[in-house]
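Required output: the full structure, derived from the provided sequences and hints.
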Amino acid sequence: MRIHHVLPYDLSQPGGVQTHTVALSRALMELGHESEVFAPSQPLRVALGGTRADLTLHPRDLLELRSFLKRPHDILHVQEPMLPLSGPLSLLHPGSAPTVATLHSAEPVAGRFYHWTRPLSRMLLNRASALICASELSRRTAAHAISPTSHQIFPCIDLQSFRRVQRDPEPRTILFLGRDEPRKGLSVLVEAMGRLADARLVVAGPVSAATRSTSDSRITFLGPVPHQQIPGLLASATCVAVPSLGGEALGLVLIEAMAAGVPVAASDIDAYRIASDGGRAALLSTPGDAGALADNLERLLSDGACRDELVRNGREAAERFDARAIAEQHVHLYRSLQ
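Residues in the sequence shown are numbered consecutively from 138, following our numbering.
It is possible that part of the hints are untrue.
[To be verified] The calculated label-pair distances, taken between Cβ atoms and stated as ranges, are:
(1) ASP414 <-> ARG139: 34 to 40 Å
(2) ALA346 <-> ARG203: 46 to 52 Å
(3) ASP440 <-> PRO245: 33 to 39 Å
(4) SER373 <-> SER178: 33 to 39 Å
(5) MET138 <-> ASP440: 46 to 52 Å
(6) ASP407 <-> PRO285: 18 to 24 Å
(7) THR254 <-> PRO319: 51 to 57 Å
(8) GLY169 <-> PRO221: 33 to 39 Å
(9) LEU222 <-> ASP405: 47 to 53 Å
(10) ARG139 <-> PRO256: 18 to 24 Å
None of these hints come from the bench; they were simulated from the model.
Please read these numbers as outputs of a predicted model, since none were measured by experiment.
C-beta: ideal position from N, C-alpha, C; glycine also.
Here it is in structure tokens:
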């Protein structure tokens with residue numbers, strides 16, 4: 138099959154949807170299919186639900202998208218189909234090939250959008266031959282606009298580089314991977330650090346001047362880090378902190394850490410319960426509770442038996458999101474539409 142993917146986000150920027158789409162495309166090629174991804178080359182950055190996203194809004198990108206949609210393909214797969222403008226334009230394209238659309242978002246703002254735009258959302262999404270929800274949370278978020286017959290397929294990660302990580306952790310070192318946005322909870326983690334003796338925190342991702350000003354010398358800010366360097370960072374960490382406050386559909390950072398054999402302390406939100414197999418593969422604490430987060434981090438820093446158990450459970454839980462297995466589920470769906 139020839140599968141064309143349409144992505145609304147800039148591939149040069151980190152993000153779960155980008156990671157999933159690239160991993161899915163590569164896995165489909167390994168299974169013997171042709172797979173190409175369209176993504177904006179000159180996106181406009183906008184704020185969406187507490188995060189910043191690079192969306193296809195530049196006229197040149199729209200012209201390239203039109204050309205991409207006209208090229209022969211057997212399946213058109215649109216990621217986040219309601220984001221402007223690539224998603225709606227792809228759904229409205231009068232092509233003959235089946236169209237699959239995947240809904241990822243679990244943010245409250247997305248739920249409000251689907252609620253207030255029900256007629257438009259339903260009209261556009263009904264043009265898809267099949268709808269995929271990335272998790273039950275994504276399904277609930279879009280409930281006003283979708284039918285009960287939507288499919289659920291988890292996002293995927295290419296786990297190979299994470300499985301190969303050779304662990305050589307530095308003593309009492311915590312790693313945070315992500316952007317410094319309110320919903321990612323970095324400020325809660327910085328507060329928790331004040332309760333941990335002799336611990337070190339490494340932050341990989343863009344950080345605001347305000348966050349830097351409230352931090353001490355035990356915190357190292359690396360700035361944005363290419364995705365290919367993340368396995369190396371995981372190798373040197375005692376544990377990973379994922380303190381998001383909400384709005385997550387799944388939590389690919391948590392899954393990458395588990396696949397690499399790194400124990401995780403995370404927030405007790407629905408998405409991370411799904412990713413951690415109901416909390417079996419991570420220590421979970423109340424979102425925004427710096428004291429509870431500090432307690433779980435201290436346990437990971439000092440309790441080797443706890444770390445070992447979480448590593449075993451984490452590797453097992455992460456396999457549910459392996460790119461090849463998820464790609465096979467997509468192929469089964471694609472073939473059912475032909």
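The hints, checked one at a time:
no.: 1; hint: ASP414 <-> ARG139: 34 to 40 Å; in the structure: holds, 36 Å
no.: 2; hint: ALA346 <-> ARG203: 46 to 52 Å; in the structure: violated, 41 Å
no.: 3; hint: ASP440 <-> PRO245: 33 to 39 Å; in the structure: holds, 36 Å
no.: 4; hint: SER373 <-> SER178: 33 to 39 Å; in the structure: holds, 34 Å
no.: 5; hint: MET138 <-> ASP440: 46 to 52 Å; in the structure: holds, 49 Å
no.: 6; hint: ASP407 <-> PRO285: 18 to 24 Å; in the structure: holds, 20 Å
no.: 7; hint: THR254 <-> PRO319: 51 to 57 Å; in the structure: violated, 25 Å
no.: 8; hint: GLY169 <-> PRO221: 33 to 39 Å; in the structure: holds, 34 Å
no.: 9; hint: LEU222 <-> ASP405: 47 to 53 Å; in the structure: violated, 37 Å
no.: 10; hint: ARG139 <-> PRO256: 18 to 24 Å; in the structure: violated, 33 Å
The structure does not agree with the numbered hints 2, 7, 9, 10 stated previously, though it agrees with the rest.
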